[in-house]
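Trainee: For the record, the sequence lines run as chains L and D.
Counting along the first sequence from 1, when you hit position 43 you're at 43 in the working numbering, and nothing is skipped either side.
Numbers in the working numbering are just positions in the second sequence, counted from 1, shifted up by 112.
Hints are not guaranteed to be accurate.
[Stated by the list, open to error] Anything over 10 Å on all C-beta distances counts as not near chain L; from chain D, calculated:
no.	residue
1	L115
2	L116
3	P143
4	A264
5	V274
6	Q284
7	D614
8	H710
9	Q728
10	L729
11	T794
12	H804
13	D849
[To be verified] Computed list of lysine-lysine pairs in DSS-like fashion (alpha-carbon distance at most 30 Å, straight line):
no.	chain 1	residue 1	chain 2	residue 2
14	D	K249	L	K17
15	L	K90	D	K617
16	D	K315	L	K17
17	L	K40	L	K109
18	L	K3	D	K377
19	L	K2	D	K377
20	L	K60	D	K377
21	D	K315	L	K109
22	L	K17	D	K377
23	D	K377	L	K109
24	L	K109	D	K249
25	L	K3	D	K124
The set of hints was computed from the structure by calculation and includes no laboratory data.
Computed from a predicted model, the values in this text were never measured in an experiment.
Idealized CB from N, CA, C, for every residue including glycine.
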Amino acid sequence: MKKIEAIIRHFKIEDVKNALAEQHVQGMTITEVRGFGRQKGHTEIYRGTEYEVDLVPKIKLEVVVAAEDCQRVVDTIIQSARTGQVGDGKIFVSDLSETIRIRTGECGKDAI
Amino acid sequence: MPLLRPSVSAAKQRLAERYAELRRRHEAGCPGVGLCALTSDMRDEILLELFQAALENLAGTAADQLRSQVALVAHGGYGRRDLAPHSDVDLMILHAPAAHDLVVPLAERLVRDVFDAGMHLGHSVRTQEQAIVLACKDPVIATSLIESRLLAGSDELFSQFVRTFRYRVRRQSPRLMSAIAQARLGEQARYGETVYLLEPNIKRSRGALRELHLLRWIGFARYGTPEPRQLRSIKVLSDEDLESLERGHEFLLRVRNEMHFHAGKPADTIDRAEQVRIAQRFGYRPHAGISPVERFMQEYFRHTNRLSHIVNRFVAAARSRDRLKRLITTVFGHRIEQDLRAGPVGILATPRGLEQLRGDLTAIIRMADLANLYDKPIAPETWEVVRREASRLPEHPPPEACRHFLSLLSRPARLGTLLFDLRDSGVLGRFVPALAHAQGLLQFNQYHKYTVDEHCLRAVDWAARLLLDMGPLGHAYRRIGQKHVLHLALLIHDLGKGFAEDHSKVGWRIARQTAVRLGLARRDRETLEFLVHRHLLMNHLAFRRDTGDEQLLLRFARRLGSPEMLHMLFVLTAADLAAVGPGVWDGWKALILTDLYHRTAEYLAGDAPATTIDRQLRHRRQLVRGELGPQKDHPWFLRQLDALPPAYLTTSEPDHVATDLRLLYDLAPGKTTAEGHYLPETETVRFTIATHEESTPGVFHKLTGALTSQGLEIRSAEINTLADGLVLDRFWVHDPDYDGQPPPERIAQVNAALVQSLDAPGGQPPSFPRRWRVGAGKGDSPHLCEAGAPTLRGSRPKVGRGPFRQMGTVPFSPTKTRVSADNSTSDQCTILDVFTQDRPGLLYAITRTLFELGLSVWRAKIGTYGEQVVDVFYVTDQQGRKVEDPSRLNEIRRRLIEVIEPAEA
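All chains should be built: construct the whole structure from the sequences, respecting the hints.
Mentor: Encoded structure:
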């Protein structure tokens, strides 16, 4: 199993959510976050001091998928979240050791 | 240990057992419709048990009260009993308003149990009123509820619902039908507006399962029943149509079941790999040179084509708006000829006209010719009559029919649509028999989106639309006198595909046969043969050769012989590219092709070539001097101007040449400078690098490495040696990371990398960034990110634009690597054409090898066609001469292939 975490633009969440639903992704968690990348949050011409860093609002999306679906789901996120401008975000993929459904105790893929 | 109820565990177990059983039956050959019914039955059985268990669990007398106040209703595909092995189940818990409080815990428990048992459920809890109000507002809900079926619970509650639903929803049928038809059009646009896609979606593409659903919904809305058999009883569906529908339905369901079982999850897109696998599983055999997968897909297209036509006609006939138009046309329509009427619905044949059309090829094609002349569509029912009698048509078209066909081809007005209709009704094959072989013929490469016949027809359609185009293509198109020859050439240009021999040669023979069959005049026949045989000539010259080479232009012009031929070949080349698929014809290709067109036109129009060239160059130099301002008489600049290569001079704007010269002038000895300039018409960036010859050997491959390590896609490159040992290199690249102009920092970053690659000592190979390859990893390697080994690997970033790039990227039959040497086209250089499969670091590997072989590169053109690349290099040996020794050429070929092939391991 893989855990896919994506930091995306806040207005892209609808597009990404719908695209993932079409791919039969069964669930996701969304958090509203703030952050910055190598441009320190300065996306336009910035007149302040160069060591100041801005926090920009984004959405973090987390999904857990079977390993064989990882490529397809990452592709879907990339295609639906991308605008081509600085600030599109990042995706992190990690290996997941266990998943458990609290109510029934099911584990592994059955719990996804 | 999972904490599931025993009833749920039992249900889960039963589901798995039944699934395995269904799979066994399917593999034993169970028909599609039957298997889907069994799948639904299986779900019914399990849902009933869970429902019973949920009822019994309710406290006290609640269960008894509920039995008459709740109904479990299957709807949508489940209601239709159309379920594929991994389809969702749609369930509505219908209840009397008074029972609301009792129903809630029941529904909660049931839904939970169904999910826990492992079924995918879409559910709702509604009273009759709620359901109907929602249905009247939302066509998706309405169409789903049309297919309602009682699973368990109160018969009476359900019957009343059905009666009221039918009454209330059908009252609004015009609006409903309109909304449903609109939604279907939108879906078709997203999943393929033509039947003849190379990778269709079996549920949603044109002609697929959705058409059948559409027929059912429209049938219900207009006539009160969704069942095709009943629609036949009330005579709104013919016996023949019903039979075709049932056969198509059976075929599609069986294929869909196969796909679901194989994938182990919902899978509706038939990609290349699936097509081959299914063809094998279903036992298709090769026959008459056609492979099993091609036969399978031809059958697929036959069914979907029929379905698409039947449903179109059915829907058109059902919508009263169209009925009114038909009435007006029949009664008040303006008469064309004896038996055709033209009105709001288009051209309708009168009953006597219909009689005439049966089996009379001349009458049919005459009608099409007239429709083109009057720019009106022909009503679908009329085409249906034609199609039914198509087998009675004579094998050879009589001369009058041929005359009408050629007349039809000479007018662009509705040519595209009419040709599609003629193909679908079976008439076109009488005029061009070669079309039969190409109908539904697949093309196994990444590059094409449509079957061969569809591609040819689309090319004609695209060309015909140029009538209104305001650019150079429209201009050229309008100047063509013999448009029928051009249109005919486009119609048959690729029909030579699918045979062992080279398709251009086969096409040539087909062109001759067609010309004779249609009775073309001799000159037209010769033009047609040339256009078909050489339909790739301009394409190859523009994209694989140096269009700045005067000798090349001269030879090309001489071969064409007339401006008319040039206009036709120009339009034909563009239409051929545009009809391959969306996004193939872009600004870059348009610019290069148009440039070749204009320059060739000059040669065709002007006088003696030698004087033309000289005069051109002199004129160009004057223009550049004009741009130089105060430096125009400076001796250094004059010397450089005289030494500028002619190709460079003629293909660059005078102000750019002036800028480049100034760049060179300011260049300190032993130094390199680089500049990048964005060109909006082609969405490419042109990088100009100036350096001194002695400063570093192997300039070309180092620059190539620098550019590809920055993730850029090289389209074309030019190495120019000027006076005083100066070198001016130009690269045209595409930056996939940016839509539109890249920011200044990016250009500066690339410039720095370019300079560094030449200035830095030592032969360090460039490192290529790892890129996530969208669509990779299907089939063989499950690796996610391409491993970035420092030497040869890297990536051409492929996060592409638009839906086309995302199509199944299983490399179908990997291209054999081929290297060919051409010593006849250019006077100065040997041209090496490299055909191979695209892979990371390829270009760097090739250019590095050329350097190690002691070859200098002067020009390069990079063409990417899906997964295949054609890289063209103009090279000379160390002394600046062509490589003519055959053994040396063989060695070059061998080395290149050796370098390219093992990289794949």
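Trainee: Give a verdict on every hint.
Mentor: Going through the hints against the structure:
1. L115: About 5 Å separates L115 of chain D from the closest Cβ of chain L, which leaves it inside 10 Å; violated.
2. L116: violated, 5 Å
3. P143: holds, 27 Å
4. A264: Given a closest Cβ separation of 25 Å, the condition holds.
5. V274: At about 31 Å from chain L, V274 of chain D clears the 10 Å cut-off, so the statement holds.
6. Q284: holds, 29 Å
7. D614: D614 of chain D is indeed farther than 10 Å from all Cβ atoms of chain L, at 37 Å.
8. H710: holds, 33 Å
9. Q728: holds, 41 Å
10. L729: holds, 42 Å
11. T794: Fine: 18 Å to the nearest Cβ keeps T794 of chain D off the interface.
12. H804: Given a closest Cβ separation of 36 Å, the condition holds.
13. D849: violated, 8 Å
14. D:K249 to L:K17: holds, 25 Å
15. L:K90 to D:K617: Since the Cα atoms of K90 of chain L and K617 of chain D sit roughly 52 Å apart, the hinted pair is violated (cutoff 30 Å).
16. D:K315 to L:K17: holds, 22 Å
17. L:K40 to L:K109: Status violated; Cα separation ~39 Å.
18. L:K3 to D:K377: Judged against 30 Å, a Cα distance of about 20 Å means the pair holds.
19. L:K2 to D:K377: The given pair, whose Cα atoms are some 19 Å apart, holds under the 30 Å limit.
20. L:K60 to D:K377: Answer holds: K60 of chain L to K377 of chain D is near 28 Å, not above 30 Å.
21. D:K315 to L:K109: holds, 27 Å
22. L:K17 to D:K377: holds, 20 Å
23. D:K377 to L:K109: Given pair K377 of chain D, K109 of chain L holds - Cα atoms ~14 Å apart, limit 30 Å.
24. L:K109 to D:K249: This hinted pair is violated, its Cα atoms lying about 39 Å apart.
25. L:K3 to D:K124: holds, 27 Å
Violated hints, in rising order: 1, 2, 13, 15, 17 and 24; the structure is consistent with all others.
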